[in-house]
Amino acid sequence: MLEAILSAAACVAGIGLICAVVLVVAAKFMAVRENALERALRECLPGVNCGACGYTGCDGYAKVLAEGTEKQTNLCIPGGDAVSQQISEALGVEFQNTVEQVAVVHCCGDCDHAVQKADYMGVQTCSGARMLYGGQQACTYGCLGKGDCAAICPYDAIYMEKGIAHVCAPKCVGCGLCVKTCPNGIISLIPDTKREVIACSNEERGARARKKCTNACIACGKCEKICPTGAIAVEENLARIDYDKCIACGKCAQVCPVGCILSADRSGRHRFSEVQ
Amino acid sequence: MIRDLMIIIFTAMLVNNYVLVKFLGICPFLGVSKKLHSAVGMGLAVTFVMLLATAATWPIHTYLLTAFNLEYLQTIVFILIIAALVQLVEIILKRYLPALHRSLGIYLPLITTNCAVLGVAKNNITEGYELFIEAMANALGCGLGFLLAMVLFAGVRMRIETAKPPKCFEGMPITLVSASIVALAFYGFAGVIDNMLL
Chain A
-9 MLEAILSAAA CVAGIGLICA VVLVVAAKFM AVRENALERA LRECLPGVNC
41 GACGYTGCDG YAKVLAEGTE KQTNLCIPGG DAVSQQISEA LGVEFQNTVE
91 QVAVVHCCGD CDHAVQKADY MGVQTCSGAR MLYGGQQACT YGCLGKGDCA
141 AICPYDAIYM EKGIAHVCAP KCVGCGLCVK TCPNGIISLI PDTKREVIAC
191 SNEERGARAR KKCTNACIAC GKCEKICPTG AIAVEENLAR IDYDKCIACG
241 KCAQVCPVGC ILSADRSGRH RFSEVQ
Chain B
10 MIRDLMIIIF TAMLVNNYVL VKFLGICPFL GVSKKLHSAV GMGLAVTFVM
60 LLATAATWPI HTYLLTAFNL EYLQTIVFIL IIAALVQLVE IILKRYLPAL
110 HRSLGIYLPL ITTNCAVLGV AKNNITEGYE LFIEAMANAL GCGLGFLLAM
160 VLFAGVRMRI ETAKPPKCFE GMPITLVSAS IVALAFYGFA GVIDNMLL
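Protein chains in written order, with my numbering: chain A, -9 to 266; chain B, 10 to 207.
Hints were generated in silico from the structure; no laboratory data involved. Everything numeric in this text was worked out from a predicted model, so none of it was measured. Among these hints, one or two may not hold up.
[As the list claims (entries may be wrong)] Simulated coverage check for chain B against chain A, where a stretch passes if three residues somewhere in it have a Cβ under 8 Å from a Cβ of chain A:
id: 1; region: 58 to 64
id: 2; region: 83 to 90
id: 3; region: 98 to 106
[To be verified] Residues from chain B that keep clear of chain A, each with C-beta distances beyond 10 Å, as calculated:
id: 4; residue: I16
id: 5; residue: L157
id: 6; residue: V201
id: 7; residue: I202
The beta carbon of each residue, even a glycine, is placed where N, CA and C say it ideally should be.
Make a model of the complete structure from these sequences and hints.
Here it is in structure tokens:
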């Protein structure tokens, strides 16, 4: 009797002991050597893992910074200048201003201007509406108006008005969740120091696009001609801005005959303080 | 020999599907099947751990517990071994295969004490596989069956997302109802292998 109890206990204890020893040895010899600098940098970052810096989450960004392959300390958009400052101090390099990003919607076909081809009664989401012949608007490129982007925005920076999405720039931190969510892919991030946005995504020829929406880009090329830096090019029947060249002069918005180039102050919290 | 192994694999995968016929491992089945990507990740992780667990528990049962007449310690010893094994695998993956660790990593601790994994280890004994390779084939079949169920159900759930069930059925109720219908479909496999053998 006693022998049975002892042998059972010895068996379980023995296996447990062996497992424990193996685990301890493994943890000792195969521990991932974490760089102290990398850990310090990781502490500076907000830990949201949004990917706005272009790396796989905060860990990824901290890693390339510590290795020295990434020199820019201002890539963390949600963290802004405060984080850039901390990273610069940890690395001992010069502080770099963060170029904040802001989301913009490339569609201005609200219900006063866009032709409706049907009355959609199904599931009230953009992805649902898109499945049925590309949504209720005649234009299948533009905003579907069911607010998937507004629903996913963690900062309530997107609101729906007259059937299309609008971004409230001061609230937007440029995380890019809406960009990934929009089924038509009409939201993008631009540097918030820029003012001009092509508010149309229709790639059809001018006459056809105009029949579907009176605000649609007709690819006339006026903006292309007036742009002093050559930042605008009309490709595939749609004007496109190269923000590396754009100087935010606003001339394109003035000449656009259909008014699909919007010019407005999109600076978030950041540029506002610089101006002051 | 190969024919026997194939029969074991397909029996475990389709006829005795752990999720849909034996109702083991329902928690990850309902919890992680919302997106196809994570469903595949979970399915692969479970398959991997089932194979590892069998590789460790079958020899220990056969050469240690049976030899000392300690079969009644099965459950506790198996839990101990599987938990330690999964931890060890995680450490090794983290060190040598960080990419795989990132994709499988979050699922591994979740399945340390999963009943489907323990179920495979115990069923290998109760179903009386005499050869090590037979037990491994059974584990592979169970894992693939789990993966299959996860992938199928992820597809079903994507359809449910855009469907409009009555208000009282929204969320978990309609998920459980559709899971039962998928399970019903799998009962169609009952007896298939027996007929093949005739």
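Against the structure, the hints:
1. 58 to 64: violated (count 0)
2. 83 to 90: holds (count 4)
3. 98 to 106: holds (count 5)
4. I16: holds (33 Å)
5. L157: holds (27 Å)
6. V201: holds (36 Å)
7. I202: holds (36 Å)
In summary, the structure is inconsistent with hint 1 from the numbered list given earlier, while agreeing with all the others.
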